[in-house]
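Protein chains in written order, with the numbering used here: chain A, 1 to 162; chain B, 1 to 420.
Just so you know, these hints were derived from the structure itself, not from any lab.
Take the hints with a grain of salt, since some may be wrong.
Far from chain B by the CB rule (all over 10 Å, computed), these chain A residues [to be verified]:
#1 N2
#2 D18
#3 F46
#4 P143
#5 N160
Okay, the calculated bits of chain B under chain A, using three or more residues with CB under 8 Å as the criterion [to be verified]:
#6 122 to 132
#7 149 to 156
#8 388 to 396
Positions of the beta carbon are idealized from the N, C-alpha and C atoms, including for glycine.
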Amino acid sequence: MNKANGKVIKYGDNVDTDVIIPARYLNSSDPKELATHCMEDLDSNFLNRMHPGDIMVAKKNFGCGSSREHAPIAIKACGISCVIAETFARIFYRNAVNIGLPIIECPEAVEGIDDGDEVEVDFDSGIITNKTKGTSFKGQPFPEFMQKIIACEGLVNYINAK
Amino acid sequence: MGMTMTQKILAAHAGLDSVVAGQLIMADLDLVLGNDITSPVAIHEMDKMNVEGVFNKDKIALVPDHFVPNKDIKSAEHCKCVREFARKNEITNYFEVGQMGIEHALLPERGLTVAGDVIIGADSHTCTYGAVGAFSTGVGSTDMAAGMATGKAWFKVPSAIKFVLKNKPAKWVSGKDIILHIIGMIGVDGALYKSMEFTGDGIKYLSMDDRFTIANMAIEAGGKNGIFPVDDICLEYIKDHSDRKPVVYSADEDAEYDSVIEIDLSTLEPTVAFPHLPENTKTISEIKEDVFIDQVVIGSCTNGRMDDLRVAAGILKGKKVADGIRLIVIPGTQKIYLEAMEEGLLRTFIEAGGVVSTPTCGPCLGGYMGVLAENEKCVSTTNRNFIGRMGHISSEIYLASPAVAAASAIKGKIASPEEV
Numbered sequence: 001m002n003k004a005n006g007k008v009i010k011y012g013d014n015v016d017t018d019v020i021i022p023a024r025y026l027n028s029s030d031p032k033e034l035a036t037h038c039m040e041d042l043d044s045n046f047l048n049r050m051h052p053g054d055i056m057v058a059k060k061n062f063g064c065g066s067s068r069e070h071a072p073i074a075i076k077a078c079g080i081s082c083v084i085a086e087t088f089a090r091i092f093y094r095n096a097v098n099i100g101l102p103i104i105e106c107p108e109a110v111e112g113i114d115d116g117d118e119v120e121v122d123f124d125s126g127i128i129t130n131k132t133k134g135t136s137f138k139g140q141p142f143p144e145f146m147q148k149i150i151a152c153e154g155l156v157n158y159i160n161a162k
Numbered sequence: 001m002g003m004t005m006t007q008k009i010l011a012a013h014a015g016l017d018s019v020v021a022g023q024l025i026m027a028d029l030d031l032v033l034g035n036d037i038t039s040p041v042a043i044h045e046m047d048k049m050n051v052e053g054v055f056n057k058d059k060i061a062l063v064p065d066h067f068v069p070n071k072d073i074k075s076a077e078h079c080k081c082v083r084e085f086a087r088k089n090e091i092t093n094y095f096e097v098g099q100m101g102i103e104h105a106l107l108p109e110r111g112l113t114v115a116g117d118v119i120i121g122a123d124s125h126t127c128t129y130g131a132v133g134a135f136s137t138g139v140g141s142t143d144m145a146a147g148m149a150t151g152k153a154w155f156k157v158p159s160a161i162k163f164v165l166k167n168k169p170a171k172w173v174s175g176k177d178i179i180l181h182i183i184g185m186i187g188v189d190g191a192l193y194k195s196m197e198f199t200g201d202g203i204k205y206l207s208m209d210d211r212f213t214i215a216n217m218a219i220e221a222g223g224k225n226g227i228f229p230v231d232d233i234c235l236e237y238i239k240d241h242s243d244r245k246p247v248v249y250s251a252d253e254d255a256e257y258d259s260v261i262e263i264d265l266s267t268l269e270p271t272v273a274f275p276h277l278p279e280n281t282k283t284i285s286e287i288k289e290d291v292f293i294d295q296v297v298i299g300s301c302t303n304g305r306m307d308d309l310r311v312a313a314g315i316l317k318g319k320k321v322a323d324g325i326r327l328i329v330i331p332g333t334q335k336i337y338l339e340a341m342e343e344g345l346l347r348t349f350i351e352a353g354g355v356v357s358t359p360t361c362g363p364c365l366g367g368y369m370g371v372l373a374e375n376e377k378c379v380s381t382t383n384r385n386f387i388g389r390m391g392h393i394s395s396e397i398y399l400a401s402p403a404v405a406a407a408s409a410i411k412g413k414i415a416s417p418e419e420v
């Protein structure tokens, strides 16, 4: 999958992993079950309004707080194809790379994208296109090392391939 | 070019003479940690790897602490998964109920974290061990799995912010007030991807428990790690708790920092973080309105150590919690529990009208043992006050020191220890 294409669901600053997947559901580690509670404490309508392939956009420090990998797992399992943010909290960033959830840092794109816009992300070039507004942005490319992990679709396959 | 303390530890563990900020390295690990929430995911990921068991059964610590003693059947299954993995792989440092404690209180106490170590843990508060001069940082479960399998982890070498702590802290100012002050100043992403290196003559006035609290909350400023220089107080602590030999690193004179922030500890006040971010801080004298509360929690990986319990008990001794206030005290480990019992602190808490729990992370993350109902308010010595963190999404958490928490329990509203 070299491209993501979908409608945008947009959030603000400091979306923490407690609202992405509340701890009361962490007695499960089943991705499908986690997905049914994704974003519940921030946006109780999220699962009703999202469609598989949609793109999540957020402002700064997305995924801050707890290191729970259940957070990117829940986002990926409910069908979000990519997360674009101004910045990511570092543990979330690692976790997303490690489980193969595509993420991109691009403050300009976040500024230029509204909730509901149609957006395409080309992971090879890092180009983010807002099809609704006819604008495009260049996202921060991954370092080569991380590109290899992503190309293997996660750290487990990367280690197995070595 | 000189290196920071963190960079020196990372360089040594990557087999390099020097590293620079931004460089990607593969580092050898001295310890890999997981708990009952993160380990099952890691164990499942490790099953998919083509590896024969763990890299070193002595360098893995598995600490069920979040939902134990098991809070429900699903949690029990998670704990069982961790227990069976530990048995199968003959993990030396698996801590069953009865020996366990809150992971970040337990591991230093057991001597598993010493100066110069590189430690990863599938828990964001793994940064706590910077207090003993180790590089330690939180990761997710897949990183934990890779760490258990290979004994290595990849890191981007961080740049650093230097915090120069000066002078003796003012009365009632603890490690918690210092770190809340810092987070209030730089924000919850103020140290994103960076090391927070603490230095200065004020450090000699900080107990190890204060330092654990400060390093513990580096993550709440977005930091990759928080780290303290290894002084005599630290070396004494390591000697008392570990058979392992510490390796002492210190920052080069010409180390580069993104910024240097000086803090005069003598000017600080008890500080409270208001909902719903740890950066929403107010000093106790800035709080003019009455904030009435329903519950007080004293405990967690941030503030469940002896210093914390002693300060709280000192304030609560001979007094009663206000009518309708639920005071929950959670010693961080079994050893702390016993010491607190022998010193009479537990009696003080119970006579004041509080309850004392076995070590658990429970209420901090809204798991169990103190979940909040709609619109309830809690003063807590824990580390996060995000929406819904301790229960209902309309509940509110006010982060504070054990002294402020104890005083607030007596007054039934946020209060200064000076008022009781």
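Hint by hint, here is what the structure shows:
1. Distance to chain B confirms A/N2 as a non-interface residue, since its nearest Cβ pair spans about 22 Å, more than 10 Å.
2. Listed as a non-interface residue, A/D18 fails to keep its Cβ farther than 10 Å from every Cβ of chain B; the least gap is roughly 5 Å.
3. Listed as a non-interface residue, A/F46 keeps its Cβ farther than 10 Å from every Cβ of chain B; the least gap is roughly 14 Å.
4. Against the 10 Å criterion, A/P143 falls within the reach of chain B, whose nearest CB is about 6 Å from its own CB.
5. Listed as a non-interface residue, A/N160 fails to keep its Cβ farther than 10 Å from every Cβ of chain B; the least gap is roughly 5 Å.
6. Residue count for the segment 122 to 132 of chain B with a Cβ under 8 Å from a Cβ of chain A: 4. That meets the three needed, and the coverage hint holds.
7. Here's how the segment 149 to 156 of chain B fares: 4 of its residues keep a CB closer than 8 Å to some CB of chain A, so the rule of at least three is met and the hint holds.
8. Check result for the segment 388 to 396 of chain B against chain A: holds, 3 residues qualifying (beta carbon to beta carbon below 8 Å, three or more required).
Of the hints listed earlier, those the structure fails to meet are numbers 2, 4 and 5, in rising order.
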